[in-house]
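Asker: Just need the whole structure built from these sequences, with the hints factored in.
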Amino acid sequence: MEHKKAQPTHIWWSLFVGLAASGLSMALAQESTAPDDGLWYKNSIIYNLEVGTFKDSDGDGIGDFQGLIQKLGYLDSLGVDVIWLAPFNPSPGNDDGYDVKDYYTINPKFGTMDDFDLFMAEAKKRGMKVISDVVLNHTSIEHPWYEEARRSPDSRYRRWYVWSADLPDDADKGMVFPGVQRTTWSYDSIAGLYYFHRFYPFQPDLNYTNPEVQQEAFKILRFWLEQGMDGYRLDAVPFIIDVPETGSETPQRMMQLVPTMRNIMRDAKHDALMLGEANLSPQENKDYFGEDNNGMQMMFNFYVNQFLFYALATQELRLFIKAIEDTKEKPSTAQWAHFLRNHDEIDLDRLGERRREEVYAKFGPDTSMQLYGRGIRRRLAPMLGDPKQLRMAYSLLYALPGTPVIRYGEEIGMGDDLSLKERLAVRTPMQWSGAPHGGFTSADTPFRNVISHGLYGYQQVNVMQQLTDSTSLLNHIKRLIRTRKACPEIGLADFEIIPANSKYIFAVRYDYGDKSLLTIHNFSDKPQAFRLEHRLLADNQLTDLFSGQPVPVEDDQLKLDGYGYGWYRLK
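For the sequence shown, the residue numbers in mature numbering (1 follows the signal peptide of the UniProt record, and there is no 0) are -29 to -1, 1 to 542.
The set of hints was computed from the structure by calculation and includes no laboratory data.
You may find that some hints are simply not true.
Said to hold, decoys possible - Label-pair restraints from in silico Cβ distances: (1) Phe517 / Arg289: 24 to 32 Å; (2) Asp140 / Ala92: 27 to 35 Å; (3) Lys359 / Ile161: 14 to 22 Å; (4) Asp73 / Glu93: 20 to 28 Å; (5) Arg130 / Ser413: 20 to 28 Å; (6) Asp526 / Asn264: 33 to 41 Å; (7) Ser413 / Gln223: 47 to 55 Å; (8) Asn264 / Arg127: 33 to 41 Å; (9) Val522 / Asn472: 49 to 57 Å; (10) Gln223 / Ser160: 29 to 37 Å; (11) Phe194 / Lys542: 29 to 37 Å; (12) Asn472 / Lys542: 22 to 30 Å.
For each residue, glycine too, the CB sits at the ideal point set by N, CA and C.
Answerer: Written out as structure tokens, the structure reads:
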């Protein structure tokens, strides 16, 4: 296998990033509040990226681990603690790497195992942890396991997948991609049977009622932890533990697998993170967190995310506040992961049709912006449009009770390419500079086009330009991350939503040890003068964390500009 070689970068650029990284790293080291008792994920800053779209080092048009190594200084300067990698295993690429062909090595497009090892070593030198997607629900249809399973009924691998002699009655139910996907059962002419696939037909589901499949999954989990990985984002958790034979829509679930997988990971690395992707109701989430530290340590809060976008679209906060309160109860070791945009569509399914249409009208009015009848396939900057609302939204992300997760390119306000199919619209290459192809690659043709036209083309939106602009979105995100790291109570403490006499104001108070923090966000585009209940302002002195200055309070009243926000220390 050919070893990918890193290409030299501009000397002045390396010096600039290196100096910025060392200066900011010193500041963050002084402010670091991450607990050392295995709860490191409580106050981390998680940055999600795809190796293939981040940075190409050898000019073949595809990002690679050597390119990622070149950009670790940038991630360090941003304040990233945890790098979350999208799938990087060998794959036919029919679902952007989520159709895995070999779980135990690196896709040669991205480099070699030596490149991966070097990346891990360089990340650890900077104090960064690394987690990755692990896709255990299904394999690629080209995986050797499935190829053998379909050929021979006597093969042990035949029992590794889910089969039916007849087409089940509910084959048109429970699809992940409605409107694109037509069935959850497809006929295999070689096997002479129907096979189950919760996702696309080229992704047959593994059969977790088979103990051999469970043991193989445990082996995969152990393997990458032994290579230095610090944990996983477990893809599509509910579908791993479903029993498809009990129905596609409301199947029985093998909940005992969650604590079993957690124990396997804990035995391999005592503080390994298990981050679950599961779009569930608040009550269902409790089952996945488990009790006595035996379930997921962290879950994405999809429930809050959906009502947050409703609030951003309508300026109505009631349902968003209720969602925050409904997901407040969780084990003390557990944590919510909050996000604005991720690598998929924004899922709005829980809003119901009427409210979903309101969000569509504001943020995705064209049908090309909508996906699967439930979501929006846009990045945040073009979706919101208003720079003030965008900055407020990011301030809110870092102020929410939990751990913030940011998607690559969101920190510079990258756009989307709606000409690409489905979720690929938000998976375009990173825009590093105004050089051809945004500095992503020196190849004549990248494997996927960089956005090169309109307001969000790389000529206008790129890292290099924003680093030198103190007012840029990138520098705004850097300030928010520094401030978030100086406020450990957000990740560790209980919180209280403070009622205000303005329906547009969202105020949260955190108390931890001798520290108290108040964050306030105005969801209205109009200025708001307001009072907080409990005489909170009259009984406390406020210091603005961004300016370091005391905040004047007149008649027990505060003011915020349209889409304004504030982080305040209480004394």
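Asker: Each hint: holds or not?
Answerer: Tested hints:
no.	hint	in the structure
1	Phe517 / Arg289: 24 to 32 Å	holds (28 Å)
2	Asp140 / Ala92: 27 to 35 Å	violated (53 Å)
3	Lys359 / Ile161: 14 to 22 Å	violated (58 Å)
4	Asp73 / Glu93: 20 to 28 Å	holds (25 Å)
5	Arg130 / Ser413: 20 to 28 Å	violated (48 Å)
6	Asp526 / Asn264: 33 to 41 Å	violated (47 Å)
7	Ser413 / Gln223: 47 to 55 Å	holds (53 Å)
8	Asn264 / Arg127: 33 to 41 Å	holds (35 Å)
9	Val522 / Asn472: 49 to 57 Å	violated (18 Å)
10	Gln223 / Ser160: 29 to 37 Å	holds (30 Å)
11	Phe194 / Lys542: 29 to 37 Å	violated (51 Å)
12	Asn472 / Lys542: 22 to 30 Å	holds (24 Å)
Hints 2, 3, 5, 6, 9 and 11 from the list above are not met by this structure, while the remaining hints are.
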